[in-house]
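Peer 1: Given chain A's structure and the hints, the job is docking chains B and C onto it.
Letter by letter, the chains look like this.
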Amino acid sequence: MKAQFIRGVSLKELLDPEAMVWRGVKPEPLLLSGTPSALQPTLAVRAAFPEGTIGAVKNVVVAAAHNGSEIAFRLEWQDHSADTGADGQDDVGFPDGAAILFPTRKGAPLMTMGAPGLPVNAWYWRADENGRGRHVTAQGLGTSDTLDRELVKANGIYQSGVWRVVIARSLQTRNGGSAAQLSAGGKTGISVAIWEGSHKERAGIKSFALGQQEGWHELILDRQA
Amino acid sequence: MTASKRQLAMVMDLNKCLGCHTCSIACKTLWSKDDGMEYMQFNTVNTIPGQGTPKDWETMGGGFDAQGNARPARLPSRKEYGDAWQFSHDELYYGGRGNSRHLEIKGDTPEWGPNWDEDQGGGVFPNAYYFYLPRICNHCTHAACKEACPRGAIEKREEDGIVTVNEDRCRGYRFCQAACPYKKIYFNHQKHVAQKCIFCFPRIDEGVAPACARQCPGRIRFVGYRDDQEAPIWKLVDKWKVALPLHPEYGTDPNVFYVPPIGPAMFDGSGDIDESRPRIPDEYLVGLFGPKVLDALATIKAEREKKRITGKSELMDLLIAYEWKNMFGGFDKDPSKVQVATIQWTRKR
Amino acid sequence: MSHSINTTRRHFLKAGAAGTLTLGLGLSNLQLANGATGKLPAAAKQYKHYQDVYRKKWTWDRVEVGTHTCLNCASGGCSWDLYVREGIVWREEQNAPYTQTNPTVPDYNPRGCQKGASASALYRSPARVRYPLKRVGARGENRWKRISWDEALNEVAKALVDTLSTRGGAGAYCENGNNSDFGPSWIAMIRFFRTLGIPVTENFGGVGDLMTGATLVLGNPVPGASSDDWFRTDYFVNWFGNPVSTRIPDAHFMTEARYRGAKIVSVTPDFSPSAIHADLWINPRPGTDAALALGACKVIIDDNLHDVPYIIEQTDLPLLVRTDTHQFLREIDVVAGGRKECFAWWDEKKRQVVWSTSSAEFEPAKRTLKLGADDHPALEPKEASIKLLSGKTVALRSGFSLLRDKLAAYDLASASKITGVNPKVIQRFAREFAQAKSAMIYAGAGMGKILHGELVQRATILLAAITGNNGRAGGGWQEMTFWELEGMMVSALYDHPSDLSLQDQAGFWGAFAAVGAEQAATPTYISGSLMMLTNGGSYDHQMNPKYNDPGLSRKPEEYLKEALAKGEIHNYPGPELGSPDLIFNMFGNPFRHNRMGDRLADTLFKKAKLVVDITLRMDDAARHSDILLPTAAPYEKLGFKYSIAYPPYLHLGDKAVAPLGEAKSDWEILSLLMERVSAEAKRRNITTVKTYRGVPHDLGQAYWRFSDKGRVGHTDDEKWMRLILKLSMATQGMTLEKLRANKGVMRYTGVSLLGGRMWCGTSDYKIDEPLIPYQDMVVKKKPWPTSTGRQQFYVDHPIYIEVGETLPMHKEPPMAGGSYPLQLTCGHTRWSIHTIWRDLDILLRLQRGEPVIFVNPGDAKSRGLGDNDYAAVHNDVGEFVARVKLTPTMRPGQVHIYHAWLANQFLTGKSNDAVCPSPVRVTNFAGKHGHLKSEVGWFDLTQNDRDTRVDLRKYAA
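Chains as they are written, first to last, in my numbering: chain A, 112 to 336; chain B, 12 to 360; chain C, 18 to 974.
Bound-form chain A, shown alone:
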């Protein structure tokens, strides 16, 4: 996957999934699979989501672009319903969501959402918090911790059965090792996760992109030119 460098584009423009600037960025389709039921941390979760029932969303199309200081990912996937949170589905609804996941250093595992000393960093959007994202770190299943709710910006538009969501952040942050530090010209592992709210997907119940590098896909950032 490539993050295309676009000189001078503003974050505001990038955050609009329908902005003209995205037409010039080559999107890449990713296949998604459901997280394994057997990997869910508790029996109750596994009983609620037996093997084969996880991962309603099978495909997502991803485009990535950066301007030298911020990077944005545009996700597009098909969804027959916009699920905006707990008030839906007779009060037992869950929001549609999407996240970009990065290892913070080499060796940070994807399948377990990191490990002690080997954090992963998620940039997380959910339909009931549209406009703001969550900047999350984790060092293993069940240990995710929200670093802040400011750094990640996210904006989603739902139209005619399709979600178009942009998730963005500055390339570098002050979180040190808890968050992924990216740079123009560099490369990093990456994954994408989608939660289908109408299927009550939340927590570790999601679709995710499984790549070739120990589960990760690879993202290469264009140099600044």
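For the record, the hints were derived by calculation from the structure and aren't laboratory data.
One or more hints might be untrue.
[Claimed, not checked] No farther apart than 30 Å at their CA atoms in a straight line, the calculated lysine-lysine pairs in the DSS-like style are these:
1) B:Lys202 to C:Lys73
2) B:Lys117 to C:Lys971
3) C:Lys74 to B:Lys323
4) C:Lys441 to B:Lys317
5) C:Lys783 to C:Lys387
6) B:Lys336 to C:Lys280
7) C:Lys755 to B:Lys344
8) C:Lys797 to C:Lys950
9) B:Lys336 to B:Lys44
10) C:Lys74 to B:Lys16
11) C:Lys454 to C:Lys950
12) A:Lys298 to A:Lys137
13) C:Lys726 to C:Lys755
14) C:Lys280 to B:Lys252
15) B:Lys336 to C:Lys441
16) B:Lys312 to C:Lys454
17) C:Lys726 to B:Lys303
18) B:Lys202 to B:Lys90
19) C:Lys357 to C:Lys578
[Claimed, not checked] Computed footprint of chain C on chain B, listed as stretches where at least three residues anywhere in the stretch have a Cβ under 8 Å from a Cβ of chain C:
20) 135–141
21) 273–282
22) 305–319
23) 330–337
Because the structure is a prediction, the values reported are computed rather than measured.
Glycine residues also receive a C-beta, built at the ideal position from the N, C-alpha and C atoms.
Peer 2: Leaving out everything else, chains B and C in the frame of chain A:
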């Protein structure tokens, strides 16, 4: 499962419950007035036979099967608990529309509430029957909620077994809410966290009994440590075995116990008294408390007769509770005497 | 149990949906977030912040000790601590200060109920009136504008002076709902209207709580004891009542008595919340309770289980009745210059009439119940006769022998036929009752709310009396009773109580004599029920013979007219009071507590030029008023709780916080008003005006009198509190300071000797014993406060003779409201003290949010009604709409609604009171007959509703 070092418990005597809901209000005015908590009733009291709170909760699954596997479960909605209906007082009293308005429930017509089927009961006249069943979180020894949470956001206090939702760790996944077979966990739609009865731990930490127990005018609630052999809980649960868990088959080892109710005599077809069987059917109570309930009922009846004839019965004296203070297993401090300034706040990192 | 995971690559290849997974994962050492180990992974952050959040919720600035008085709650006081945050009561919690009376009975703790626990929420609710308001738009519209206190008081003062100077006190009246305290609020109302000679309605009879049967039999309309006495009973009969719902703080004594081995019996037509905790539920057809009681009496007498010595000594049953007139034999019949209230029994040894030393007009020094060594009263004399002054010899029979005749109609088969109760059940009940060591009949106030309630009361008291239970520990016929507070009485009724002290007995009793004289000339109280009947618009329905006893030989209104002509009715508000210029409303909601109260809008209220409601909250009465004056709630003013004896403790209602908004205490409101009235009178040079009974007084001096010569100022509520404590026998040694140091609660220290009328009939008060009523009579052998000096079952007033009720009997419930198939019963709700809490959201959410009726599934089905459907409940009188709750606990043919819903909570704005014609009990019009004196709170017209006939139909909203 992890056992805590000690375990606090409660016994509720269903022969004394008046269905007054002082417990519900005591809890509500103390803990659940904040945003998103309006519909929450950490303490509920239901007329049973009845559909309970949430509606038909006993069909919603959760808990563990006999092999110890998590049983499938579903989430209850706010409507099934009962929404916090809003009323049109201002319009009625100040809106200038006189008698053309009445006090309305705003929005949709409710179809259920936390005490919807009050005083309806079961059976057929004149052999109808019911009693009141108050419920709080059972602070189970084998808490299904705790075992369900993938984040470990539910904690069981080591010193006394009180189970709490760590609202800082909680991400609102609601697996706990489905997993609890008693459906005593609520979801806060504004804060997106699970919330539930906390056994009034701030009061417990100060030696004061939970509000629902201390404020009960029927004097039905005992509080104390399971292992304290000097106090009523152990005597009622383990010595006399007249206090039983609700739905023990749910597999969570609850720590709230009930003294089963005995109703008045039935009538036969001619209207004469029929004492051959109890008005509250044995099968019904067995379905709630398990087969041991029959022994408990027999014990209560025998000891009551003993007290009547000889004036002496340890069990009856416990249930009468001559001195109210002694119902609380040592947690009998007067809350008004608690120095608010001595409550330590900690932020552990 | 283990949470193992199959972590092989093959497994993931199998599990992966797309089948393109390639993984090399070493997951065998995976540590779970929780579950098996119960520990969080090392990397998980520990947070305890949420615990601090909960701890912070349980904090407060200060605690006001021992405050709060739930006005008008008949359970008596409950002591609460108020937790105050930033000047507002955040929440309340009982402070449980009661100690055990003695080790043999449970203590009173904690008392309190869900209503008390939500009182602070109520006082802040949208219903609370915070500022003086004036109506704009038409009356009843509920359109208001805020005005200042000055404006409000000036307008009202002016209206008062206008009316008093033109029409005197008869041009105004005050509706009094009895929802006051026993302190400055009640004192304020009485002093104000008494001084101005304006009548105040008294509504004990109006609401239907007045037990005229108890007045007749026991000489006391409120006989009772402390509730820990219930624990000592062996046989507790909860008759017509529902203590599980209505005696919440005291019901535990009943459930705990059950554990002591007492048998609990519940007598109610439907399977009520109190029946669930009984051993035996007896379900007579509604209104047939007298037949059940009399059937039981017959079993007991036939089986010889009755207590003959007790009956002879303590009841009028051995006394002689003339077979010609059916009146008691009186000394005046036989001896020239003889006494009227002097009665006789037949001595079986001496074979002659002997005048009973218990009689009311016997020499006071010799009056006693104690029989001499050679006294042998015959219970059933044979061939007793006497020669009258006229020379005629008349045969005499004892009350007991007449009773035996009467009971013949209640043999088991007949009693069973009337009540629908199996004869074996009646027999068993009777025998168990008679053979119990002590048996108590705890009479619910519902007994007063059927037309023939008086007969039920007399019959059930009879059952308690013939078994010797009245006066036994844990026994007897009981309902609520009060500790008399003379200090409060004299503070309200006497102009200058600050001059009095208990040490100066002559002065004290002189004051009462002065009060008596003033009250005789202008009674402060008029009967609320008679006001409603005469002037409220309910006359035609209440007097309709079709809704009344079909056995009456005259129309009901004839009895009233006759009684008025004979001057037998005290406190009568005649038609001259039917067009008031000015109506005040305090402490209640006359639209609600009167059956057919909605009619007031078209009668009294319509005629009034100005209606002033001194009120805590918006309700039906406020809606029909012109000026609302916001009164301080409990917590915001000083007061004492009703001195009910269930807990034999005085309860202080302290002022914890400032009144909300611009509310003021009742005392302050009326004090400010009175000051302006006198000032306005002086300004206009108006001096003499007349009370509503024509007694002249100087209006300019009214404030001087009201304020006790200026000694009690506008904000001097506390002075009244101290005066009450100082001048009452029950509170000797108590001070406000001691009360406050004791969580606002102190055990009564003595018993009043006021006016010889001892509410509990026990003058020796032992602080370490439960209070038992009637000890003066059964132990000290002092006569009962009746004409015969005995428990009096025979009533020989001409009305009683005419209607056949000389002795207790059963009369069929009338077809009140028309010929309809269902009987509408009612009961006191658990959810509110009358209307006060009825519309509070946190309590409504624990119900269905709106009025409901309870219907048997069969009755509902045949009318096409399902659960939660709206049903119109209708009869000839009116209609109301409510939601249906189906329940097998409801008897077929009976429909039940709990009371006190505001009319505006009903879909069509009509409440259940709108269908209740409240037929008049003609015996209530009797008076001037020994202790049968017509007087409010003693013997007065009672309203009733639980015989109302209705039908249901589905209502489409």
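Peer 1: Go through the numbered hints given earlier and state which of them the structure violates, listing their numbers in rising order.
Peer 2: 3, 11, 15, 17
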